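Protein sequence lines, in the order shown, are assigned to chains A and B. First residue of the first sequence: 1, per full-length UniProt numbering; consecutive thereafter. First residue of the second sequence: 1, per full-length UniProt numbering; consecutive thereafter.
These aren't lab readings, by the way, just hints derived from the structure by calculation. The structure presented is a predicted model; accordingly, all values stated were derived computationally and were not measured. Think of the CB as a built atom: it goes at the ideal place given N, C-alpha and C, for glycine as much as any other residue. The hints are all genuine.
Here are the simulated distance ranges between beta carbons:
(1) B:M72 - A:G82: 17 to 25 Å
(2) B:R271 - A:K155: 24 to 32 Å
(3) A:I333 - B:P236: 23 to 31 Å
(4) B:P332 - A:A188: 16 to 24 Å
(5) B:P236 - A:G40: 45 to 53 Å
(6) A:G209 - B:K182: 56 to 64 Å
(7) B:L327 - A:D162: 36 to 44 Å
(8) B:G82 - A:P236: 51 to 59 Å
(9) B:E208 - A:I333: 30 to 38 Å
(10) A:E225 - B:D184: 31 to 39 Å
(11) B:Y163 - A:T336: 27 to 35 Å
(12) A:K138 - B:P332: 30 to 38 Å
(13) A:E193 - B:S263: 43 to 51 Å
(14) A:E225 - B:K182: 36 to 44 Å
Only pairs whose alpha carbons sit at most 35 Å apart, straight line, appear in this in silico DSBU-like list of lysine-lysine:
(15) B:K63 - B:K84
(16) A:K329 - B:K140
(17) A:K259 - A:K33
(18) B:K140 - A:K182
(19) A:K155 - B:K275
Sample of chain A residues with no beta-carbon within 10 Å of chain B, all distances over it, derived:
(20) K25
(21) P49
(22) K50
(23) C65
(24) G79
(25) E235
Number of protein chains: 2
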Amino acid sequence: MEYGLLFGGKSFEHEISIVSAIALKEVLGTQIKAFIFLDGAHKFYLIEPKDMRSQLFSSGQYKKCPELTLKMHGFYTQGLLGSKKTAFDMLINLIHGADGEDGKLASLLDFFSVKFIGPRVEASVLSFNKHFTKMLAKEKGVCTLPYLFLEHHDKNALKAMDYPLIVKPNRLGSSLGIGVIKEDREAAFVLDEVFEFDSEVLIEPFKEGVKEYNLAGCKIQEKGESTFIFSTIEEPQKKDFLSFDQKYLDFGRTAKVAKADLSPVLEEKMRALFKALYDPLFVGAIIRCDFFVIDNEVYLNEINPIPGSLAHYLFEDFARILEHVELPKPTPIPITYNYINQIQKAK
Amino acid sequence: MEYGLLFGGKSFEHEISIVSAIALKEVLGTQIKAFIFLDGAHKFYLIEPKDMRSQLFSSGQYKKCPELTLKMHGFYTQGLLGSKKTAFDMLINLIHGADGEDGKLASLLDFFSVKFIGPRVEASVLSFNKHFTKMLAKEKGVCTLPYLFLEHHDKNALKAMDYPLIVKPNRLGSSLGIGVIKEDREAAFVLDEVFEFDSEVLIEPFKEGVKEYNLAGCKIQEKGESTFIFSTIEEPQKKDFLSFDQKYLDFGRTAKVAKADLSPVLEEKMRALFKALYDPLFVGAIIRCDFFVIDNEVYLNEINPIPGSLAHYLFEDFARILEHVELPKPTPIPITYNYINQIQKAK
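Construct all of the structure, not just a fragment, from the sequences and the given hints.
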């Protein structure tokens, strides 16, 4: 399988997508035939593999690379002799945060019939928006921490909860913009800061020292059979909570991880919850679910529909899995004009 | 204000979008400067106002019209002397069903920075998918009928409910594909039929003779003030439930409607529920909420984020409202390369 790799995006996570792409290049090597960079002005560029260094992007040099246009069935360069399609069998959407995970690129790729690995529009919207993820979890019977959802700065609303609290922008990944309120006098300031990132904010109890576990997976299709594939469950390194700097480095990881120390019962529970959340909404994507374990109960923290460098380091046999990711089957939509013709006949 | 009108779409509702556009042309007249047709192959065409007759589309003649490319800031025709932008101040998304209401076009228009009236990607996904609408209503404290959600044909699951039942494709508007099961021996057949339209199906009790009410509205911005505008509440004509044929004709309506006979308390209740559902998710769109009243309680039936010809016939002063629809404010996303530069310095 030959891949195209889409990265960048107009997003607070623009830079970590670049790092993530460089890390995935190390893993997949020459299987990636096309590196497609989306810049902050929503222009696509075709990047030569040898130019895949962060400095190309931070310096703006990438603007000298050929520009691409997204049209039916692919990305095209425009030359003197007409347009030429960029060759790959399957595109990997590796744009973290806005554009990549909010449903916009899923929509564009679906609309223009580009085959891709990544969350579709519904899956994107329900995982990018943390409030919607809460609703989804509730509907699927998956536990989450209690929460308060704010659409505007309202310090008084916090009275319903006990400190310490963790405050998250509702639509931002990679722990960006997250704040902790330890006591009342910090509340107004922290809320101010978090509202700079989003007009909606989600507030949860902050559980000091809570155990966190990451489980990635997807459905694959092999010899006509559809199967779930799960990664190793990892207990990520962390301090209070992962800061941007730590997560940033995390996106560039290439080494395999050690398995978390968890009972088989809890492991099985996590896989069952993963299945309930994944199927059929996330079909087509390799996702990572982040869970908490509190008093032997598993809670969903968040769903990461495009984890850093696709969480390849959590899988035994990443290249094979990638090759067999199951894709959603589109419903055929016939356009017949039967009704219009009937009306015209009746005239 | 000069409008562009986007209609058609690769959707089961392709034809009703055409009828809807022709009806809106009668209402807005020469204020519509550009008619942009999206065909079943996802190509855009610029249609002359004088050619806006259903026969142009059913005959395939539209393919002789200039093709448009969606790029940054608008739709462009390609001529010998370069590309030319199609002129309008504001685009109206009038594509019902798939493409228009499922988040795809919202994403495309947002991505390419085209100003438009219509639901954004989150609003689209949560209203197009009836199961997600149930989740949203629950979260907002809005009553809906009890339901069963099926991801595959499972006649036995119906045992949890009493007949008669109404069976709906989960992601299809305009009453398309809906079936009623009056007794057990019809169940397998009706489910078969409905699953032809979608891989997900929503089942509710079928309330014979239930009172249904439609309320349209939006937020507008005038002189810096943001206000809710509500339409007349209509009790739509119906038999058992609206069939496609009836709804189809409905999309072409141009006459004003009579106000429904409802107590002021229930009217106020509907407006309050509308506000709770609309704000801030649907900002930018003129939507119609369809409610049931059962034993003096208001239930949400569905949210129609792009009602037929924008439900103009429900409003007193449609042209003015349209001109002042409030649009969502995007969060600025700076792309700085601060982190990448730091890493490079540390090398």
